[in-house]
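> Residue numbers (this note's numbering), protein chains in the order written: chain A, 1 to 166; chain B, 1 to 239; chain C, 1 to 177; chain D, 1 to 540.
Check the hints yourself; a few may be wrong.
To be verified - Below, a list of computed lysine-lysine pairs in the BS3-like style, where the Cα atoms sit at most 25 Å apart:
1) D:K473 x A:K30
2) B:K90 x D:K477
3) B:K181 x B:K223
4) B:K181 x D:K258
Derived by calculation from the structure, the hints in this document are not laboratory data.
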Amino acid sequence: MRTDFSKPAPPSNDKRWKMIDAAMRRYGHKPHALIETLHTVQSVFGYLDDDAFRYVAASLRVPLSKVYGVATFYHFFRLKPKGEHTCVVCTGTACYIKGANQIMKALEDELGLRAGETTPDNKVSLMTARCVGACGLAPVVVMDEEVVGQMTPDKVLERVQAWRES
Amino acid sequence: MTPSSRVKTLTIDGRPVSARSGETILKVARENNIFIPTLCHMDGLSPVGACRLCLVEIKGSSKLVPACITSIFEGMEVSTKSEQLDKYRKMILALLFSERNHVCSVCVSNGHCELQTLAQTLGLEHVHVPYLYPVMDVDASHERFVSDHSRCVLCTRCVRVCEEIEGAHTWDIMGRGAEAKIISDLNQPWGFSESCTSCGKCVHVCPTGALFEAGKSTAEMTKRQFLPYLSLMRGEKND
Amino acid sequence: MTKLRLATTWLDGCSGCHMSFLDMDELLVDLAGQIEVVYGPLVDRKDVPEEIDIALVEGAVSSEHDLELVRKLRANSRILVSLGDCAVTSNVPAMRNHFPVKQVLECGYQQNADRNQSIPSDVIPALLPQTRPIHEYIPVDVFIPGCPPCAKAIHFALAALLKGETPDVHELTRFGA
Amino acid sequence: MTPDEIRVSAKKYRAERTKKKHHVCVCMAAGCLSAGSDVVKTALEENIEKEGLGDSCEVRGVGCLGLCSAGPLVSLDKERVLYQNVKPHHAGDIIKSLGKEPVKEIQCDLDQPFFISQKKVVLENSGRIDPERIEDYLAVGGYSALIEVLTNWTSSEVVDEVTQSGLRGRGGGGYPTGLKWSTVAKADGTEKYVVCNADEGDPGAFMDRCILESDPHRVIEGMTIASFAVGAKLGYVYVRAEYPLAIDRLRKAIQQAKKFDLLGANILGMPFSFDIEIRLGAGAFVCGEETALIASIEGKRGNPRPRPPYPAERGVRNQPTLINNVETYANIAPIIRHGAEWYSGMGTESSKGTKVFALAGQIKNTGLIEVPMGISLSEIIYEIGGGIPGGKKCKAVQTGGPSGGCIPEEHLNISVDYESLKSLGSIMGSGGMIVIDETANMVDVAQYFMEFCRSESCGKCVPCRVGTVQMHKLLEKISAGDATVDDLTLLIDLCDLVRNTSLCGLGQTAPNPVLSTLRFFRDEYAALLKPSSATAAADE
Chain A
1 MRTDFSKPAP PSNDKRWKMI DAAMRRYGHK PHALIETLHT VQSVFGYLDD
51 DAFRYVAASL RVPLSKVYGV ATFYHFFRLK PKGEHTCVVC TGTACYIKGA
101 NQIMKALEDE LGLRAGETTP DNKVSLMTAR CVGACGLAPV VVMDEEVVGQ
151 MTPDKVLERV QAWRES
Chain B
1 MTPSSRVKTL TIDGRPVSAR SGETILKVAR ENNIFIPTLC HMDGLSPVGA
51 CRLCLVEIKG SSKLVPACIT SIFEGMEVST KSEQLDKYRK MILALLFSER
101 NHVCSVCVSN GHCELQTLAQ TLGLEHVHVP YLYPVMDVDA SHERFVSDHS
151 RCVLCTRCVR VCEEIEGAHT WDIMGRGAEA KIISDLNQPW GFSESCTSCG
201 KCVHVCPTGA LFEAGKSTAE MTKRQFLPYL SLMRGEKND
Chain C
1 MTKLRLATTW LDGCSGCHMS FLDMDELLVD LAGQIEVVYG PLVDRKDVPE
51 EIDIALVEGA VSSEHDLELV RKLRANSRIL VSLGDCAVTS NVPAMRNHFP
101 VKQVLECGYQ QNADRNQSIP SDVIPALLPQ TRPIHEYIPV DVFIPGCPPC
151 AKAIHFALAA LLKGETPDVH ELTRFGA
Chain D
1 MTPDEIRVSA KKYRAERTKK KHHVCVCMAA GCLSAGSDVV KTALEENIEK
51 EGLGDSCEVR GVGCLGLCSA GPLVSLDKER VLYQNVKPHH AGDIIKSLGK
101 EPVKEIQCDL DQPFFISQKK VVLENSGRID PERIEDYLAV GGYSALIEVL
151 TNWTSSEVVD EVTQSGLRGR GGGGYPTGLK WSTVAKADGT EKYVVCNADE
201 GDPGAFMDRC ILESDPHRVI EGMTIASFAV GAKLGYVYVR AEYPLAIDRL
251 RKAIQQAKKF DLLGANILGM PFSFDIEIRL GAGAFVCGEE TALIASIEGK
301 RGNPRPRPPY PAERGVRNQP TLINNVETYA NIAPIIRHGA EWYSGMGTES
351 SKGTKVFALA GQIKNTGLIE VPMGISLSEI IYEIGGGIPG GKKCKAVQTG
401 GPSGGCIPEE HLNISVDYES LKSLGSIMGS GGMIVIDETA NMVDVAQYFM
451 EFCRSESCGK CVPCRVGTVQ MHKLLEKISA GDATVDDLTL LIDLCDLVRN
501 TSLCGLGQTA PNPVLSTLRF FRDEYAALLK PSSATAAADE
């Protein structure tokens with residue numbers, strides 16, 4: 001059991017931990033800053049791992065199981081690194097009505113992946129989003145942060161192919 | 001405030017009863033030997049109103065309320081039994097049985113399980129919703145205790161006792177919805193938990209055979225009650 | 001007085017419920033005057049007879065044969081009783097549901113077999129993908145949970161059925177009893 | 001800054017804003033941006049420079065212009081011209097034509113019902129001002145309501161005005177806003193909080209995103225007025241992390257407001273302080289439920305807790321907390337500016353004002369619209385929405401997201417207000433409106449929403465956690481043609497259970513899409529069912 005409540009040392013010498021520190025400091029290292037801090041960790045490192053959990057838990061004095069419970073409750077948080085490219089299929093109602101399922105199926109078949117997985121060569125991660133709010137352009141796929149509207153299975157496969165060959 | 005103004009009168013199942021202001025329906029009912037089924041509730045732990053078995057009807061309200069968490073008020077008319085409540089309670093139990101793998105006949109807690117007893121008390125003799133048969137782990141890494149997720153009903157008593165009484169907060173829930181699962185620390189094997197004090201409180205508040213002492217075989221696991229005394233002590237202090 | 005025609009059967013289970021039935025001991029003598037056992041492991045008859053009054057079904061539905069048999073019994077019986085936890089909840093037999101059928105068979109007939117390590121194909125009825133309780137396939141009139149239900153519970157239920165009543169056994173038995 | 005200084009600055013910005021002869025407004029909301037409006041904007045700027053028109057023309061990035069399906073959109077503010085599907089190569093023609101005949105090829109008819117049948121209150125600035133400049137907001141009269149309130153009103157007068165206006169919560173429930181405000185105002189607490197729910201979780205809804213992206217100051221102004229009315233010092237905007245642009249603009253807006261002393265300690269030099277912090281949601285629909293949202297703001301798992309006590313009494317850190325949705329706050333400033341009477345003059349007897357809808361699905365004009373309450377659904381679908389493309393027929397309109405229901409074509413003459421929609425088994429919801437054409441199968445639609453509820457259930461209470469899984473499995477079974485009449489009975493029983501015994505609104509409303517499709521499209525279910533196992537067994 002941990003009895004030492006002095007400031008914990010970051011998991012590594014990586015300079016980026018300073019950004020995490022700054023985020024936690026902004027909230028006075030209060031336990032309620034947990035979600036904000038996890039957001040910062042994910043935006044800095046791309047995902048959340050055990051080292052980060054331990055460091056955040058110790059800094060904010062939140063139990064480990066609680067940190068893990070929070071991180072897995074919210075689907076925005078990733079516990080594994082993303083591939084080089086990400087393909088996020090919107091599964092909102094408008095996109096569903098306009099055929100998001102077919103797009104998803106085409107991608108799953110082509111990449112041999114299920115949502116949330118990454119190709120073995122670490123090139124492409126396939127994900128889904130609840131609704132990116134661009135329903136007017138449905139069906140929508142977010143390709144590496146770029147929102148692409150009026151998508152079709154053929155168009156999406158073409159772009160994914162280009163990634164894989166690059 | 002005069003002492004008398006803190007006393008309220010109400011009826012439960014038509015029986016007039018008196019209670020202190022701020023008390024829950026469940027507490028008053030139990031004082032008067034009126035049975036309301038519960039599963040997630042445990043005296044001495046904070047109430048969560050999660051299992052929904054203790055739902056009761058209140059005259060004048062179309063919504064069912066959880067007895068474990070709803071405070072009484074003057075003139076309240078509570079019904080703890082009705083055809084509808086009976087149906088709902090049985091369905092909720094049926095859903096719990098269908099959710100994981102409760103194989104009572106080979107469970108360590110057979111004969112000492114609150115879920116099993118509730119099914120018998122409420123007359124649930126078969127589960128009419130399809131069983132889901134999920135694949136669940138057994139964690140036997142702890143030297144004294146075992147956790148079998150097949151038997152877990154996610155009542156969170158272990159989480160609460162560990163946080164509120166032991167102060168270790170080893171347990172919590174990960175994931176959500178049907179994927180929710182109790183975890184120790186960073187979802188690591190219980191035996192490797194850094195925060196667990198091996199006090200065993202979680203094992204003894206677990207209503208089913210999800211947490212048990214290592215070495216116990218079918219029907220051998222009996223649970224000790226220790227929290228009622230604690231809540232008595234606290235209750236006296238509060239008065 | 002005409003005797004009620006009783007059938008019993010034993011699907012995927014351990015026969016413990018039939019043992020419990022026999023555990024009624026001297027009460028069986030009493031019952032024998034009112035009941036004729038027309039089908040089941042206790043009598044020598046191959047086909048399911050017509051016009052059964054009460055069918056006691058032990059065991060879960062695991063194979064094509066189980067399913068065919070329980071459907072036949074249902075069709076020919078006035079009252080069908082789900083007897084014991086395997087029939088009611090699918091119990092221990094359902095613990096194989098976590099594995100694909102192929103893996104179950106390999107485990108039983110190859111990995112853990114001392115000789116003739118091969119999966120039989122002709123003599124054994126094909127397993128269904130999952131073991132399920134019987135009421136998921138056919139309507140059931142009376143449920144008697146328990147592993148096994150005690151003789152007293154079985155007798156209580158039969159006595160009620162003989163009187164034309166619907167038995168409520170919940171005070172005498174339960175899941176896992 | 002003092003109130004007078006702000007008024008003087010506002011006047012100056014108004015003059016600056018109208019100085020140039022031509023304003024070319026390019027939509028920079030997420031919809032048009034994803035269609036490439038940023039490139040169009042650059043092309044327009046280059047062309048102005050090339051033509052040497054810098055003194056008479058300016059290009060503005062503005063918020064949502066509404067007709068998302070025709071993006072990128074470019075509007076000429078003064079000339080009342082709208083261009084649709086604008087590509088960078090059109091930029092030259094657009095600039096050259098300024099002051100002359102508009103470019104016919106890409107011109108959009110502004111006299112079509114999509115534009116003339118709308119009534120803009122919440123969206124009055126959307127598409128007109130640059131959301132990233134507080135100067136623009138001030139120039140069109142922004143923050144004048146706040147100044148008015150802070151200088152001349154008492155807090156109870158503000159609550160009264162909101163009550164009089166008849167405004168009801170725009171997040172879905174339709175709880176009277178004034179009543180909520182007065183409850184929080186009267187509640188005892190050492191500190192109070194004002195929370196803006198921008199966790200727009202309904203799939204198919206993007207009103208809140210558009211408001212935050214197009215006019216973020218309006219929400220800040222509404223929240224600040226609310227905090228004055230209820231006596232709060234700190235506010236939170238709980239916004240989805242999936243909306244990076246909205247978050248970015250909101251952050252900028254908060255900074256700008258602080259710089260202008262419209263937010264922070266001693267606002268406009270007066271003894272009133274209010275600050276706003278942003279909290280990011282992280283992909284959990286249940287956090288739209290207010291007690292779950294509070295848990296999330298406190299850094300916890302978004303598990304709802306039983307109510308009462310309501311957040312108005314015990315919310316953030318167990319203190320009285322006012323929670324309203326983005327659109328509700330966006331209505332406050334105009335109500336203060338024009339008065340409650342003006343506001344309650346719009347809409348129906350019980351549903352006042354206007355409502356913003358996100359129109360999507362199988363409909364010609366998809367995008368963001370604002371209409372007066374009481375308008376008929378058919379007017380929205382066939383006139384504003386332009387009907388169903390491809391010569392198909394409308395089958396149903398889904399409102400209210402996963403908590404709502406499907407309204408069949410024969411009921412489209414229904415008035416859009418809280419009560420009417422409820423009487424048909426749907427709800428107003430936050431404003432998602434999805435049009436479903438005749439090719440869709442309604443069992444599939446119900447299954448889609450149940451899948452949503454199943455995976456968004458927090459898992460705390462048993463009926464919702466397990467009930468949604470079982471209902472989804474039954475719907476799958478029905479869709480596959482493997483289900484019997486008994487399965488449908490079980491499904492209906494489960495709907496009843498989950499609706500009446502779940503802990504929070506997510507569970508209580510999860511059965512709605514099933515119940516409403518069963519109500520109007522039962523034959524589609526029936527067509528997929530096999531006879532009961534009882535009959536099947538007897539047949540053998």
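> Can you name, in rising order, the numbers of the hints this structure does not satisfy?
The structure conflicts with hints 1 and 4, although it agrees with all the remaining ones.
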